[in-house]
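Q: Each chain is listed here by its residues.
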Amino acid sequence: AQTVTQSQPEMSVQEAETVTLSCTYDTSESDYYLFWYKQPPSRQMILVIRQEAYKQQNATENRFSVNFQKAAKSFSLKISDSQLGDAAMYFCAYRSARGDTDKLIFGTGTRLQVFP
Amino acid sequence: EAQVTQNPRYLITVTGKKLTVTCSQNMNHEYMSWYRQDPGLGLRQIYYSMNVEVTDKGDVPEGYKVSRKEKRNFPLILESPSPNQTSLYFCASSQQQDTQYFGPGTRLTVL
Numbered sequence: 001a002q003t004v005t006q007s008q009p010e011m012s013v014q015e016a017e018t019v020t021l022s023c024t025y026d027t028s029e030s031d032y033y034l035f036w037y038k039q040p041p042s043r044q045m046i047l048v049i050r051q052e053a054y055k056q057q058n059a060t061e062n063r064f065s066v067n068f069q070k071a072a073k074s075f076s077l078k079i080s081d082s083q084l085g086d087a088a089m090y091f092c093a094y095r096s097a098r099g100d101t102d103k104l105i106f107g108t109g110t111r112l113q114v115f116p
Numbered sequence: 117e118a119q120v121t122q123n124p125r126y127l128i129t130v131t132g133k134k135l136t137v138t139c140s141q142n143m144n145h146e147y148m149s150w151y152r153q154d155p156g157l158g159l160r161q162i163y164y165s166m167n168v169e170v171t172d173k174g175d176v177p178e179g180y181k182v183s184r185k186e187k188r189n190f191p192l193i194l195e196s197p198s199p200n201q202t203s204l205y206f207c208a209s210s211q212q213q214d215t216q217y218f219g220p221g222t223r224l225t226v227l
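Note that the protein sequences, when read in sequence, are chains Y and P. Each step along the first sequence adds one to the number in the numbering used here, with nothing skipped, and position 89 is 89. In short: position in the second sequence from 1, add 116, done, that's the numbering used here.
Here chain Y stands alone, though its shape is the one from the complex:
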């Protein structure tokens, strides 16, 4: 069975600085998707970034980028130029690309605090 591990329950960063959130996963599948979701105090789940496993190029979305290491099964999120609005829970998630299932596995989350 697939697992997703976020080993940092809490992280903090100063405004305008850069922070990296870690995520590792375990799977025997070769084709899958990886996601980072943000959950602010409103509890809404917001997609930050997605990565398709068959693409070697790391995904980027403005100030957010990932370091996808398929062999190491690592999928870290880098937030550059941190802003106060980035403070939230961040969840890493794995989704199989198999056509006969739609299991999606989340990590336990990392709470990010941003200090002025």
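Source of the hints: derived by calculation from the structure; they are not laboratory data. A virtual CB, placed ideally from N, CA and C, is assigned to each residue, including glycine. Errors might be hidden in some of the hints.
As the list claims (entries may be wrong) - Restraint ranges, calculated between C-beta atoms of paired labels, are given here:
#: 1; chain 1: Y; residue 1: A16; chain 2: P; residue 2: I128; range: 40 to 46 Å
#: 2; chain 1: P; residue 1: K181; chain 2: Y; residue 2: G99; range: 24 to 30 Å
#: 3; chain 1: Y; residue 1: R111; chain 2: P; residue 2: N189; range: 29 to 35 Å
#: 4; chain 1: P; residue 1: V130; chain 2: Y; residue 2: R63; range: 42 to 48 Å
#: 5; chain 1: Y; residue 1: T27; chain 2: P; residue 2: T121; range: 28 to 34 Å
#: 6; chain 1: Y; residue 1: R43; chain 2: P; residue 2: N189; range: 21 to 27 Å
#: 7; chain 1: Y; residue 1: G85; chain 2: P; residue 2: D175; range: 28 to 34 Å
#: 8; chain 1: Y; residue 1: D81; chain 2: P; residue 2: E169; range: 43 to 49 Å
#: 9; chain 1: P; residue 1: P155; chain 2: Y; residue 2: R63; range: 25 to 31 Å
#: 10; chain 1: P; residue 1: G132; chain 2: Y; residue 2: A71; range: 49 to 55 Å
#: 11; chain 1: P; residue 1: D154; chain 2: Y; residue 2: Q2; range: 17 to 23 Å
#: 12; chain 1: P; residue 1: R223; chain 2: Y; residue 2: R111; range: 16 to 22 Å
#: 13; chain 1: Y; residue 1: S74; chain 2: P; residue 2: P124; range: 22 to 28 Å
#: 14; chain 1: P; residue 1: E178; chain 2: Y; residue 2: A16; range: 42 to 48 Å
Said to hold, decoys possible - Calculated Cβ distances over 12 Å to all of chain P for the following chain Y residues:
#: 15; residue: S12
#: 16; residue: A16
#: 17; residue: Q44
#: 18; residue: Q56
#: 19; residue: N58
#: 20; residue: T60
#: 21; residue: A72
#: 22; residue: S76
#: 23; residue: K78
#: 24; residue: D86
#: 25; residue: T101
Mind docking chain P on chain Y? Use the hints.
A: For chain P alone, kept in the frame of chain Y given last:
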């Protein structure tokens, strides 16, 4: 506006009283899922559906039922709720295994 809606947003009930949480999406998505979120455990998948009349268990299906009679709706049924089902529930939909869009969440308290 493309969205996933859930109702109710908040619910306090008592042990054993059957309840239904509705979920509806207007994006014509094939795939829908239910999750529960508990402190320290992240989100865990309860049930998912890959098409009308096709549902399957996620990681924590015990105590829950679902149905998918129409493409847009995917209700979550708790036939005999218990206090350990007190949680934050999310519905989500997607076009196949692409990005999931989440509803706003339902906070359920079972006394």
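Q: Do the Cβ positions of D154 (chain P) and Q2 (chain Y) conform to the proposed distance bound of 17 to 23 Å?
A: Roughly 19 Å apart at Cβ, these two residues keep to the hinted range, so it holds.
Q: Quick check on a hinted range of 29 to 35 Å for R111 (chain Y) and N189 (chain P), using CB atoms only.
A: holds, 34 Å
Q: Any Cβ of chain P at or closer than 12 Å to S76 (chain Y), or is the non-interface label fine?
A: Answer for S76 (chain Y): holds, closest chain P Cβ roughly 17 Å.
Q: Verify the CB-CB distance for K181 (chain P) and G99 (chain Y) against the hinted window 24 to 30 Å.
A: holds, 25 Å
Q: Just double-check T101 (chain Y) for me: nearest Cβ-Cβ distance to chain P has to come out over 12 Å.
A: violated, 7 Å
Q: With d taken as the least Cβ-Cβ distance between T60 (chain Y) and chain P, does d exceed 12 Å?
A: holds, 16 Å
Q: Indicate whether the distance between the beta carbons of G85 (chain Y) and D175 (chain P) respects the range 28 to 34 Å.
A: Hint holds: Cβ distance 32 Å, inside 28 to 34 Å.
Q: Has the hinted range 16 to 22 Å been met by the Cβ atoms of R223 (chain P) and R111 (chain Y)?
A: holds, 19 Å
Q: Using Cβ atoms and 12 Å as the threshold, tell me whether S12 (chain Y) really stays out of contact range of chain P.
A: Label holds. Min Cβ-Cβ 19 Å, cutoff 12 Å.
Q: Just tell me: holds or violated, for the beta carbon distance of D81 (chain Y) and E169 (chain P) against 43 to 49 Å?
A: holds, 48 Å
Q: Regarding R43 (chain Y) and N189 (chain P), is the given constraint of 21 to 27 Å on their beta-carbon distance met?
A: Since the Cβ atoms of R43 (chain Y) and N189 (chain P) sit about 22 Å apart, the hinted range of 21 to 27 Å holds.
Q: Can you let me know if the beta-carbon spacing of V130 (chain P) and R63 (chain Y) is within 42 to 48 Å?
A: holds, 47 Å
Consistency note: the structure conflicts with the earlier hints numbered 13, 17 and 25.
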